[in-house]
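There are 2 protein chains.
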Amino acid sequence: MKKATDLNHLNEFKLIERIRSRLNTNSPRVKKGIGDDCAIFSTLPNKIQLISTDALIESIHFDLKTISPKQLGGKAMAANISDIAAMGGTPYLAVISLGLPTSTSINFIDKLYLGLQTICNSYRIKLAGGDTVTSPKQLFINICVLGEASKNRVFCREGAKPGDQIFVTGNPGDSAMGLRILMKKNKNLISTNHKNILIKKHLEPTPRIKESRLLAKSKLKVTSMIDVSDGLTQDLGHLCTKDKLGANLYEDKLPISNALNSACMQKIHTSTKWVLQGGEDYELLFTIKPEDVKKLKSLFLKADTVISHIGEITRHPNKITLIKRNGNRVSLKPETGFNHFKRK
Amino acid sequence: MKKATDLNHLNEFKLIERIRSRLNTNSPRVKKGIGDDCAIFSTLPNKIQLISTDALIESIHFDLKTISPKQLGGKAMAANISDIAAMGGTPYLAVISLGLPTSTSINFIDKLYLGLQTICNSYRIKLAGGDTVTSPKQLFINICVLGEASKNRVFCREGAKPGDQIFVTGNPGDSAMGLRILMKKNKNLISTNHKNILIKKHLEPTPRIKESRLLAKSKLKVTSMIDVSDGLTQDLGHLCTKDKLGANLYEDKLPISNALNSACMQKIHTSTKWVLQGGEDYELLFTIKPEDVKKLKSLFLKADTVISHIGEITRHPNKITLIKRNGNRVSLKPETGFNHFKRK
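As they're listed, the protein sequences go chains W and G.
Its first residue numbered 1, the first sequence is counted upward by one per residue in our numbering.
Its first residue numbered 1, the second sequence is counted upward by one per residue in our numbering.
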């Protein structure tokens, strides 16, 4: 019985047919989805195109003991469309490459695709095809997402100037603490409710597409933007690199969630570190001109997501400074974040 | 010394910077290449877009003992742009995900990118970005390529009708025999010259972009097209599936190269099998209306690549028949080709 439900007993074409029958790939824009050498689609006039690709590898980016296949599909897609959000774009099409060990069950693949499809449906993204191959050891998922933006309204990493004000959405640090709890490394007492909030932030992140659209549709002078995937300090460093800028961050403005605070036993020093160094937050970190701060805050009054005004850009090359609650200044190292080659 | 040249000693950002400094990503169409969350590009008006993605995994699709890093980069890109050629499109942009074991040397990555860049330069494709992650065991390369075609001139797998004539470019079977020689499984005596031709076909395939352009620019009634990656018979099966068609193939018309013939010790039966079942040929297999056969042949007189008129489409559902030199008819099984889940 086991044999009939794993990949050894399903060839590539039957698998593609199975996937196709479960996905709704046709749309006015996607003339042809899964099943030919390429997918065929059209672009809208007067738009600029965005493309991003991200690979997630078992035992590096995820552990199948702590994430369900549906969550994995959802998170892989969220991580990719977050890159489109980071530039103020709207994702509309994705292609997926799966590297599957032959022992992978059909049930696993169905649930993985359910996760991918659910998030695609939420954001009106068409799954237009991909490739499915054997991977001898680890499972991997590579997604390539296309998005589009108005020609003169794309947000890049470079563009901030001294005096620009720094904002971040949501609660960075929660995801990394969620991972720590999943790995059973957090020994502190914490309520089930808070635990679940943090774990959900890690396993089911929300890409900030809505928030990015709100900014893109506004007339606010957004001068730079990035999504926080490697930790707030490190990603802030990317906004400063090109023009040799620095930044001041204010500890008392950092958005420490109640759940993170409780997981850190209310130790401010520890929770600050989690917010600054976390990783896989998929929150938006951006800068705006000082004169637009009020307008930004009123724009986000209508949104479900909180934004926090956490600091400002300075002229000090590559110097990110944390101004602590007691007024002391601490220099932060931008590189103390996530290094994809050194995680293990 | 060894340590300073492997990935453990280069973080992701330094690696991206190193790759970026070696690639020429800016062009009028690519406003922003490597280095931001997404690449930004524009599309041409009145064109339809094509997208394809392919993953190559060490020990499944290639063996680092038999392919150089430069050849690997070139072949990975060729396999991907061949999918664009198969639909009559012109590739213009690619993004690449690399999964690298930490022991990978910087020299290896430089040569891999040299291979990728060389083929991209030949076909005017811009490498616009990608993702680089650690892979615990196997190296993998995932490429996503974008191409474009005229709105009413895209060739699909479906579309052939009974009576349509079947053509193939080049010499299918050579690549698979090249692999066999590389794996030292061919015990026949064969000249060094022929050996080198076959090995080169396997390691350095030429995607049929030029030939595809020739067809797309012509007014010939091309009714279906595919690139031969899983073996001629199997891929011909894909042209027949949708409309429940069959095909006749003529053994004496199959393009058996001198090199393949010599590797098969002039045994017709054996070389026919290699041509029909090979794999990784990246030749174009297509059908045209019978009235256009003459025009097609004269069109290809100017081309560097030979085309062979190998058979015709029939009404017999999913029945592919080989008419042998002696007039006998043999039924071919379309599924006797390459199954990505069963290669090992």
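It is possible that part of the hints are untrue.
Identical copies look the same in the list; a pair holds intra-copy or inter-copy alike.
[What the hints assert, rightly or not] Below are the DSSO-like pairs computed for lysine-lysine, each with C-alpha atoms no more than 30 Å apart in a straight line:
#	residue 1	residue 2
1	K31	K289
2	K219	K294
3	K47	K151
4	K267	K137
5	K324	K185
6	K185	K302
7	K14	K244
8	K151	K65
Source of the hints: derived by calculation from the structure; they are not laboratory data.
Handout entry: Hints not upheld, ascending by number
Key = 4, 6 and 8
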